[in-house]
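Peer 1: Protein chains in written order, with UniProt numbering: chain U, 1 to 324; chain F, 1 to 497.
Any given hint could be a false lead.
Short derived list, chain U residues pointing at chain F, Cβ under 7 Å [as the list claims (entries may be wrong)]:
hint: 1; residue: R4
hint: 2; residue: A5
hint: 3; residue: L6
hint: 4; residue: T150
hint: 5; residue: R182
hint: 6; residue: Y190
hint: 7; residue: A191
hint: 8; residue: G194
hint: 9; residue: L201
hint: 10; residue: G261
hint: 11; residue: S262
Listed next, the in silico SDA-like pairs over lysine to any residue satisfying Cα-Cα at most 25 Å (straight line) [claimed, not checked]:
hint: 12; chain 1: F; residue 1: K106; chain 2: U; residue 2: L170
hint: 13; chain 1: F; residue 1: K379; chain 2: F; residue 2: P366
hint: 14; chain 1: F; residue 1: K265; chain 2: U; residue 2: L311
hint: 15; chain 1: F; residue 1: K46; chain 2: U; residue 2: L206
Derived from the structure by calculation, the hints contain no laboratory data. Glycine included, C-beta positions come from ideal geometry on N, C-alpha and C.
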Amino acid sequence: MNTRALPLYATILIFLAAYALAFTQFPNILSTRVVGNLLTDNAYLGIVAVGMTLVILSGGIDLSVGAVIAFSGVFIAVMLRDTGLHPLPVFAILLVLTTCFGAAMGFLIHRLAMPAFIVTLAGMFLARGAAYLLSVQSVPITHPFYRTLTDAYWLMPGRGRLTLIGCLMLAVFVLGMVIAHRTRFGASVYALGGGEATARLMGVNLGRTTVLVYAFSGAMAGLSGIVFSVYTGSGYSLATVGTELTAIAAVVIGGTLLTGGSGYVFGTLVGVLTMGLIQTYLVFDGTLSSWWTKIVIGLLLLAFILLQKGLLTLSQTRLAKGTA
Amino acid sequence: MLLSIRSLTKVFPGTRALDGVDLDLHAGEVHALLGENGAGKSTLIKCLTGAYARDGGVITMEGAAIDPRSTLEAQGLGIGTVYQEVNLLENLTVAQNLMFGREPRKWGLVDSRALRRQAQAVLGQYGLDIDVDRDLGSYPVAIRQIVAIARAVEISGKVLILDEPTASLDAREVAMVFDVVRGLRARGMAIVFVSHFLDQVFELADRVTVLRNGRRVASQPVAELTRMSLVEQMLGRALEEVVEAPHEGSEAAPPLLHFTGMGRKGVIEPFDLTVGAGEVVGLAGLLGSGRTETAELLFGIRPAQSGTARDANGDIVLSNPRTAIAAGFGFAPEDRKLDGIVGDLSVRENIILGMQAQRGWARPIPRGQQNKLAEDYIKRLDIRTSDREKPIGQLSGGNQQKAVLARWLAMNPRFLILDEPTRGIDVGAHAEILRLIGELTRAGMSVLVISSELDELVAVADRVIVLRDRRHVAELTGSAVGSDRIMQAIASEGEAA
Chain U
1 MNTRALPLYA
11 TILIFLAAYA
21 LAFTQFPNIL
31 STRVVGNLLT
41 DNAYLGIVAV
51 GMTLVILSGG
61 IDLSVGAVIA
71 FSGVFIAVML
81 RDTGLHPLPV
91 FAILLVLTTC
101 FGAAMGFLIH
111 RLAMPAFIVT
121 LAGMFLARGA
131 AYLLSVQSVP
141 ITHPFYRTLT
151 DAYWLMPGRG
161 RLTLIGCLML
171 AVFVLGMVIA
181 HRTRFGASVY
191 ALGGGEATAR
201 LMGVNLGRTT
211 VLVYAFSGAM
221 AGLSGIVFSV
231 YTGSGYSLAT
241 VGTELTAIAA
251 VVIGGTLLTG
261 GSGYVFGTLV
271 GVLTMGLIQT
281 YLVFDGTLSS
291 WWTKIVIGLL
301 LLAFILLQKG
311 LLTLSQTRLA
321 KGTA
Chain F
1 MLLSIRSLTK
11 VFPGTRALDG
21 VDLDLHAGEV
31 HALLGENGAG
41 KSTLIKCLTG
51 AYARDGGVIT
61 MEGAAIDPRS
71 TLEAQGLGIG
81 TVYQEVNLLE
91 NLTVAQNLMF
101 GREPRKWGLV
111 DSRALRRQAQ
121 AVLGQYGLDI
131 DVDRDLGSYP
141 VAIRQIVAIA
151 RAVEISGKVL
161 ILDEPTASLD
171 AREVAMVFDV
181 VRGLRARGMA
191 IVFVSHFLDQ
201 VFELADRVTV
211 LRNGRRVASQ
221 PVAELTRMSL
231 VEQMLGRALE
241 EVVEAPHEGS
251 EAAPPLLHFT
261 GMGRKGVIEP
271 FDLTVGAGEV
281 VGLAGLLGSG
291 RTETAELLFG
301 IRPAQSGTAR
311 DANGDIVLSN
321 PRTAIAAGFG
331 FAPEDRKLDG
341 IVGDLSVREN
351 IILGMQAQRG
361 WARPIPRGQQ
371 NKLAEDYIKR
381 LDIRTSDREK
391 PIGQLSGGNQ
401 QKAVLARWLA
411 MNPRFLILDE
421 PTRGIDVGAH
431 AEILRLIGEL
441 TRAGMSVLVI
451 SSELDELVAV
461 ADRVIVLRDR
471 RHVAELTGSA
481 VGSDRIMQAI
491 ASEGEAA
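Turn these sequences into a full structure, and let the hints guide you.
Peer 2: Structure, rendered in structure tokens:
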């Protein structure tokens, strides 16, 4: 077994243990209703976290995604209000926009050899500013197609709703896993995160990989924006502030190393669900403040960083002993 | 002939790194490339692999002229390279590393089953049966090195350049890698083998080319060589030319420090060393023999895994440079620009740096005192600078080195380690530094000097330790300290000391 996979197993174990613990207290938490809601409520976060996973695997970071989600919501709402366009072409235009936006950031990061942190921070302000420019107020979406989207669900046994956006998130995770583990592009992303100089020696096209990875993250942020607009039925420029950090937290809790090159897309799904589970538990409990979510997530993050550091040390000492 | 290089020239501003070098490579031979630091080995390899564009000369491969402009292009032409480190990615599996960029695909997606099968088949040729789905980083360096060789051979297949492939391997692992290399030779590959370990050259190589100062000194079958003649060629002097400098046998100094059984796996074999008060101990040996490593061990940069350090008061902890400084040690490293000075800070700031760090940053040394200290040392060591506030990066190498010395002297260490203290400085400053070392020891300080210049060691050291293949092999004292004795010890075979 690879030491690299240990954080993933730890994540899964923690998730299952937490779920079991919550189940003993509130048996309802395993009902299809709760599970369905868990997927629906976290759909936008999960989708954007898939993009973030690839970015972090490549050794980068994308701070712009929260602002891009907000921009997407406002863009859709304003377009639907002011033009007679059907939502589907609006979605297409938006996805092209956010993908190009991500690609442009990737281009700058590679071409100017600038830290991703700075470039995407600038991207964050840009996208947030553009959202304000379109509308400062929250814009409701009244298009009938949106009703169709929200009403599209499969009623699971036990009256739980598996919504379209919940399914979309799961589909995006499958897509992310295929890209990361079954394509040459995915291997290049891991290579880039493992070491730029070595990756170049092995024939990785660094520029292409960097541009593509941020373009993918931009596309996922756009898709997440669409899902968020379906979920809330409006577009608001002040929405999803700090979502990029929540996504990063989900990625790290999912066992991906922030320094890049090590981690799994599946882990991010478990990370997102773990965070959703904590929230659900607090709702069930009813007496605790919702801020406890942040505290528990903070503790979990800390625990995972320590775990990864510990595993790193462990594998190194074991290697040293192995060769002795 | 597989590959032929004729009058290869590469010029860097100020130096001719390669000056009309010829090299012939035949299929099915291991060709060792030897030379001291700055001889031009790396430049030659970089010209061959396309990392550098050459300024003159012709490279022909199987009769056709080639001009690789990148590592990838060189690989395409059949020239593969394995470096000492950073060849492959530790965070990918063995199979991914081996087949990277050529993964078998089915419907556009990587076919992981075929990937595994092909990787196993490739490694099977090298007698390696390992789990290819595990991360490369979880295997020992020797296995990684063999995987790197396998990848280079798979991609290139004609010429394999091994740039110090054994530098971090132990004896058993070296044997493993050598078996692989011999197998490739039998298959008709031409192999360029760069190593600092003479024993390995004699064990593996068929022919040897020695470079010195960018020129080819000689190219000959290894069978016609003795260790002595090889060392002579590398160092560029014949034994009979050496006039043994008369050396005063200094009376045995009272011992100050005892190091017993200090060692670190893969870095330096355990050694014993006693340093007397006011004594200058020299470390001699070829590049890569473990000189710098010994210094790093003593200063806690790469702390020892075994052994103890003691002084008159008991054990000393040398687990990192901080503790070493606390024990009264000082270390002026080899690469002054990288490790020694802070180029943008002034001469004064560089001089007080160590002292300030020792005091703690919360208690700044008063500016008046700083100025006085800096002025004192500038005068005492004759540091040539227009004023003490000039950025040190603008000073000449010799004056930078003096400022580094001043920094340590300001902290008043009892044991000072100098790694190549005279590298890259002019003749005048050279003599001054040596004179300064003499002065310091008369004041009771003990000094460990590492140098590639045998004459320098002979001139300055009371005792010289000779290193070979990361082992302390000989110790010369008093009248025995002479260039020819040191050279003999470097070249001598086996365990004899």
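Peer 1: Which hint numbers doesn't this structure obey?
Peer 2: 2, 3, 4
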